[in-house]
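Protein chains: 2
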Amino acid sequence: MPSYQAPVRDMKFVIHDVIGAARYADLPGLDQATPDIVDAVLEAGATMCEEVLQPLNVVGDREGCHYANGTVTTPKGFRQAYNLFTEAGWTALAADPEYGGQGMPAYLALAFNEMVSSSNMAIGMYPGLTHGAYRAIHAHANDELKRTYLPNMVSGKWSGTMNLTEPHCGTDLGLMRTKAEPQSDGSYRISGTKIFISAGEHDLVENIIHLVLAKIVGGPEGIKGVSLFIVPKFLVNADGSFGARNGVRCGSIEHKMGIHGNATCVMNYDGAVGYLVGEEHKGMRAMFTMMNEARLGVGLQGYSQSEVAYQNALIYAKDRVQGRSLSGTKAPEKAADPIIVHPDIRRILMNLKAFNEGARALCLEAGLKADLANHHPNDADRQAADDWMALMTPIIKGFLTDQGFAHAVNAQQVFGGHGYIQEWGMEQFVRDARIAMIYEGANGIQALDLVGRKLGMKGGQVLMAFMADVDQAIADAPSEFAPLAAKLAEAKDHLTQGTMWLMQNGMSNPDNAGAASSDYMHMFGLVALGYMWLRMMAAAKSKIDAGSTDPFYATKLVTGRYFLERMLPDTTSLLAKVKVGAEPLMALAADAF
Amino acid sequence: MPSYQAPVRDMKFVIHDVIGAARYADLPGLDQATPDIVDAVLEAGATMCEEVLQPLNVVGDREGCHYANGTVTTPKGFRQAYNLFTEAGWTALAADPEYGGQGMPAYLALAFNEMVSSSNMAIGMYPGLTHGAYRAIHAHANDELKRTYLPNMVSGKWSGTMNLTEPHCGTDLGLMRTKAEPQSDGSYRISGTKIFISAGEHDLVENIIHLVLAKIVGGPEGIKGVSLFIVPKFLVNADGSFGARNGVRCGSIEHKMGIHGNATCVMNYDGAVGYLVGEEHKGMRAMFTMMNEARLGVGLQGYSQSEVAYQNALIYAKDRVQGRSLSGTKAPEKAADPIIVHPDIRRILMNLKAFNEGARALCLEAGLKADLANHHPNDADRQAADDWMALMTPIIKGFLTDQGFAHAVNAQQVFGGHGYIQEWGMEQFVRDARIAMIYEGANGIQALDLVGRKLGMKGGQVLMAFMADVDQAIADAPSEFAPLAAKLAEAKDHLTQGTMWLMQNGMSNPDNAGAASSDYMHMFGLVALGYMWLRMMAAAKSKIDAGSTDPFYATKLVTGRYFLERMLPDTTSLLAKVKVGAEPLMALAADAF
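Residue numbers (the numbering used here), protein chains in the order written: chain L, 16 to 608; chain U, 16 to 608.
Looking at chain L on its own, in the form it has when it is part of the complex (with noise of 0.2 Å):
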């Protein structure tokens, strides 16, 4: 059976020591996350993870949602580990104070988020959607529909989802064909089917309130009149009591490759009573608040599948024995060597372990961000944290799902033929990963946002700032780290003329830019990691600098070598890629195929 034990050592390194949070301790909602606090959350959410929601990661999996008559029920276990998440007030963690939170801040939630992913990604859908769906009604709902819901999603007693997808609509929303009519009394009637809703019918929660994207009766075509509406399964009397069933239900859930223990369902609106969320024909934008949220979540769920995969890869090779060393044995009490002693094992774990770490410091400085996003009381620094949340999202859903995923398998490799048997539990990572790179936009869309609409963001100063931010790291690196901060300083070069490219030749032919989307986007997020390794090193120097022998800080040093020295030259063969352009790629008649 797979182990997990939450990365809490190097959250907290990155939270205190390379995004250094503290420096933002006096902005109003930040405040409260005092290090000692933050300390205290993460430790405390690691006995969660570990202890409650881990050991029914592979339950969830082998036995999966039940679907009856239009009822779901999660797998055993679910239901109590579900109670104890919400009883220790995890779903409130960084959740308004006037609606019950705790008024956390980003960065600390996506490391909690991080290992409850790792520990269990299933069952952390369920908390997670509602997430989502709260920040899109708060950030748009009217005051009334907020005091409605709220508060019993913010303590977990009900929970959320989004309604995006239809069985002929994908990607393309404006193809939508649920429908709204609106009502006397200001309310709608919403009719239409709508597919893979994630956590759409289960048992954990008294309510589940639906977020839904329909198009009112006579609004205009296409994208433009779309709307979003609240449609909870219950109504909600203006007392709090339930009212009338609504008309919306499960009509089957599906079987799928991965995340057996969430329910992906059909769902059935027939004549549902919703409210409107913002204004009318406007539900794009309300719902991309929860998309671009669900979007660095599922960034997330993408590494915190390798980071588990990692953790066991790693336990498993310090553990089997099995031929001897290239340069000579290195346990001759036993009959064959540790297979850690290989290198082409060491390749993989090296790969795996700089990954991770490497995307976590991305994440919870996408965290920080977001909170001064939010937070900030300078207009200026609000307004850079949102433009570089908005150009770093696609990267972060779509580099680190591909890239999780790619290190999940690999790290099940690690086993031999151990890892292709369920029982030892790699396999399931890998499944589970693979759903990553596909909902909330699949990658190739992700790539799509990245070049067509955040490249371009006020003519190109938002991708700017970033790139004066790398070599604000690579100027202010060491002088010891010279020879890796060029390492750096040759990919970030890459990019630059990746992105050249796409400026000259993107405008003219759009197919060019699309063609070269994905490897652009990847080129990118190796230099995004290798920005925030650079970042980690100097952190660690410091500290061995100031006397620490912690040896923390000295495998941090050899970690970020390996991801500059043997992992970045990957921007060369992707550069040469983007460069090619679109014309070899739709030369063919698509009947040619």
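Mixed in with the good hints there might be a few duds.
The list cannot tell twin chains apart, which means a pair is met if one copy fits it or any two copies do.
Each computed DMTMM-like pair below joins lysine to aspartate or glutamate, with the alpha-carbon atoms no more than 25 Å apart [to be verified]: (1) Lys594 to Asp508; (2) Lys239 to Glu196; (3) Lys469 to Asp111; (4) Lys349 to Asp111; (5) Lys349 to Glu505; (6) Lys594 to Glu580; (7) Lys333 to Asp565.
Hints are computed from structural coordinates only; laboratory data are not their basis.
Keep in mind that this is a model prediction, so the values were computed, not measured.
Chain L is already provided as a structure; the job is to place chain U on it using the hints.
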């Protein structure tokens, strides 16, 4: 439900026009395979695979094998399908006529096996393993054993297995504990436990012929004391009738990530009667006959899953409408354009197509080399073909399965959310493809075999011969392909640089060879596919020059160009990684991870 259409047209092209099998039609053993016969076999094979095996692929995955009290029941329909398969003579295709085989060439059997594997990998493993066991017995056993076992294995009445792995010993077979005690009648008694035995027990045949590695009591320590034995499930009397049930029993079957239709067994040998194959303590040599054949077959499994995944992704990409082309609406009559218009979808499809066709050409070339190694009357030619096979086997196994899996994952991505749902069948291709990276020597072992054994064979002459072939293809390329031939020359130069680096650094520190091995193997695989592509393009061009207007040839040129321009440049980054050396990988103490 997924579909499959055997790529008969492409196979004919490769066999007749690229590898030019007919050039050898006068050699004994190849003389029956006239072009007409080859075409007829491919067409009949396609019918068998499309109509009998493929419809059971999903069934086999859903139902899996059942274990009860030592017996294994295969999924519903497998037995009837297997009977149709054997009755039509497919198990005899490439077997020796002396034992009832049809004596067809290995390249033709490989083409057929690709179809089998694409249509139903799990069922294909039963006859696949039988053929491997047949080969080892045919090459190493005495005449009496051959007469006793081969005819029924060739007809498919009996099946075969290979038993290497034990719970504590996979790669490192020197740790083996299964023992063989010599008996006065010349037989042995075999005792021990073997795991991961594919097709170890099942209900498709009357008898199962296990090939078992074991150590003769009192023999040399480690790998030098390993011998190979035939251990039949039922003993066979001199008259061919069944004797006693032998002391070998299936203890359980594994629950695996994929290939659910194939029984992966724990086999318990308890004083089972065994017969020595070949010489005492020379079991590894005999086993390698089987393993090299099996490794080719596994390489083929890798791209066969990518092939069937491609076919289904292509159908979906033409059918699914979503969004509009970046370069202007392509299907104004529809609500949206088919997603094949989007460059990022094209990128995935072209990657799949270019990889699959290149991989097929390489495997069929390998098949022809196997035929030449067996049948060429000239010693030097036979040896050269055998050397080529030795060099290319780890590349075909390691590179084609790593890439085949990655491409199957990308094909799944084309489906968006539907790719994650079992119903669509794409996730099964991914799960099934995953095992090919692991069994018959995990891919890390293939990479070590390549850099540790194969590169240095005959003082590097085997490698040089391949390099000379690549140079020849570049020199022979029509002048209009010069810019593309230059791409191959550049990639070959990277491979040469990598090889030089290994020569200079791998001897002094073997860890350098290990650290570089996987990336070097991938670089080699890319060059090998580039080489096949240049040959395919030349063959297609001569058809066009001869007046053919079949769009098949024009498509080959476009696809080949895509491979050379957009996939081959990965050698750049791979070379950079090769040259990094072992130090950054090995710098951390095991405890510091």
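Hints, one by one, checked against the model:
1. Taking the closest pair of Cα atoms, Lys594 and Asp508 come within 25 Å of each other both inside a single copy (14 Å) and across two copies (21 Å).
2. Taking CA atoms no more than 25 Å apart as the test, Lys239 paired with Glu196 passes inside one copy only; the shortest distance there is 17 Å, against 80 Å between copies.
3. For a Cα distance limit of 25 Å, the shortest separation of Lys469 from Asp111 qualifies neither inside one copy, at 29 Å, nor across copies, at 64 Å.
4. Proximity of Lys349 to Asp111 under the C-alpha cut-off of 25 Å is found in neither arrangement, the shortest distances being 57 Å within a copy and 46 Å between copies.
5. Taking CA atoms no more than 25 Å apart as the test, Lys349 paired with Glu505 passes in neither setting, with 45 Å inside one copy and 46 Å between copies.
6. Taking CA atoms no more than 25 Å apart as the test, Lys594 paired with Glu580 passes in both settings, with 23 Å inside one copy and 10 Å between copies.
7. Taking the shortest alpha-carbon separations for Lys333 and Asp565, only the intra-copy value of 22 Å comes in at or below 25 Å, while the best inter-copy value is 58 Å.
Comparing the model with each numbered hint stated earlier shows that hints 3, 4 and 5 do not hold.
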